[in-house]
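Visitor: Listed below are the residues making up each chain.
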Amino acid sequence: EADIYQTPRYLVIGTGKKITLECSQTMGHDKMYWYQQDPGMELHLIHYSYGVNSTEKGDLSSESTVSRIRTEHFPLTLESARPSHTSQYLCASSEASGNYNEQFFGPGTRLTVL
Amino acid sequence: GQQLNQSPQSMFIQEGEDVSMNCTSSSIFNTWLWYKQDPGEGPVLLIALYKAGELTSNGRLTAQFGITRKDSFLNISASIPSDVGIYFCAGSTSGTYKYIFGTGTRLKVLA
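Protein chains in written order, with the numbering used here: chain C, 362 to 475; chain B, 4 to 114.
Simulated from the structure, these hints should not be mistaken for lab results. Mixed in with the good hints there might be a few duds.
Derived, one-sided and incomplete: chain C residues facing chain B with beta-carbon distance under 7 Å [to be verified]: (1) 392; (2) 403; (3) 404; (4) 451; (5) 457; (6) 462; (7) 463; (8) 466; (9) 467; (10) 468; (11) 469.
Yeah, the Cβ is synthetic: ideal placement off N, Cα and C, and Gly gets one too.
The shape of chain C in the complex, shown without the other chains (with noise of 0.2 Å):
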C-alpha cells in the first residue's frame, strides 16, 4: 500500500494569487510526478523529478514550477494563479529499476481558480 499524501485536498482561490500544492511521500521513492487531470478526462504529465535536485518539465506544458530539495517532498507552485489553471493534480511516485516502475498516486487537489 502506497503511503503519498496531497494538501490541500480542495482549494479555491481568486486570480493572482501564489498558491503551493503539497506532496509528500513515506516510501522513500527516487521518482516523483505531477499529473493534471480535467474531471474524467485523461492525466497529463506537467513535471517529473527522478531525484533530488532533478526536476523535468513533462509533455503537457505548464506555467507552475516544482522542486525536489527532499526525496519524500515535492511540491508545486503556480504564481500567479488564473482561471484556466483550474483542474485537479495529481501526484505519484514509484521506486522503479529497470522494467520494475510502478507508479502509486495521491488522493489529488481539486484547484478552482476564479
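Based on the hints, put chain B in the right spot on chain C.
Guide: Just chain B now, with coordinates in the frame of chain C:
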C-alpha cells in the same frame, strides 16, 4: 504527442456480467499498468504487466500484455456495483520511467 486509445469509452452493464476493455498504441511499450479511479480520488493501481504475452490476475480482474507489445486488455468477471469508475491504462517505453495514460473507460454497473 503519443496517445493511448482505450475502448470502449464508456459502458453500462448489468451486475454479474463480465466486462472487457482494451488499450491500443502505435508505439511499443515494455510496461503496462491498469488503474481504477473513483470520482474525486487519485487512481488506484490494479495490475502491472512487464512481459509480452503475460497474463496476470488480481481477484476478479485479469489483464494481459499483448504479444505485439502495442496493446493490453483488462477483464472484470462477475461485475458488482463497486466496480463503477473510470479505468485507465498506462504504458511506458523502455529506458524511461514516464507513463502515457489512456483516454479511460467509464464503467457503470446496473444493479
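Visitor: Taking the hints in turn, state whether each one holds.
Guide: Evaluated hints:
1. Interface restraint check for residue 392 of chain C: the shortest CB-CB distance to chain B comes to about 5 Å, inside 7 Å, so the restraint holds.
2. A hinted interface residue such as residue 403 of chain C counts as satisfied when its beta carbon comes closer than 7 Å to some beta carbon of chain B; here the least separation is about 5 Å, so the hint holds.
3. Checking residue 404 of chain C against chain B: minimum C-beta separation of about 4 Å stays under 7 Å; hint holds.
4. Checking residue 451 of chain C against chain B: minimum C-beta separation of about 5 Å stays under 7 Å; hint holds.
5. Because the beta carbon of residue 457 of chain C sits about 4 Å from the nearest beta carbon in chain B, less than 7 Å, this interface hint is met.
6. At its closest, the beta carbon of residue 462 of chain C sits 5 Å from a beta carbon of chain B; the interface hint therefore holds under the 7 Å criterion.
7. Checking residue 463 of chain C against chain B by beta carbon gives a least distance of about 5 Å; that is within 7 Å, so the hint holds.
8. Nearest Cβ of chain B to the Cβ of residue 466 of chain C: about 4 Å, under the 7 Å cut. The hint holds.
9. Hint status for residue 467 of chain C: holds, given a least beta-carbon distance of 5 Å to chain B, under 7 Å.
10. Restraint check, residue 468 of chain C versus chain B: the minimum CB separation of about 5 Å is within 7 Å; hint holds.
11. Given hint, residue 469 of chain C at the interface with chain B, holds; its Cβ is 5 Å from that chain's nearest Cβ, closer than 7 Å.
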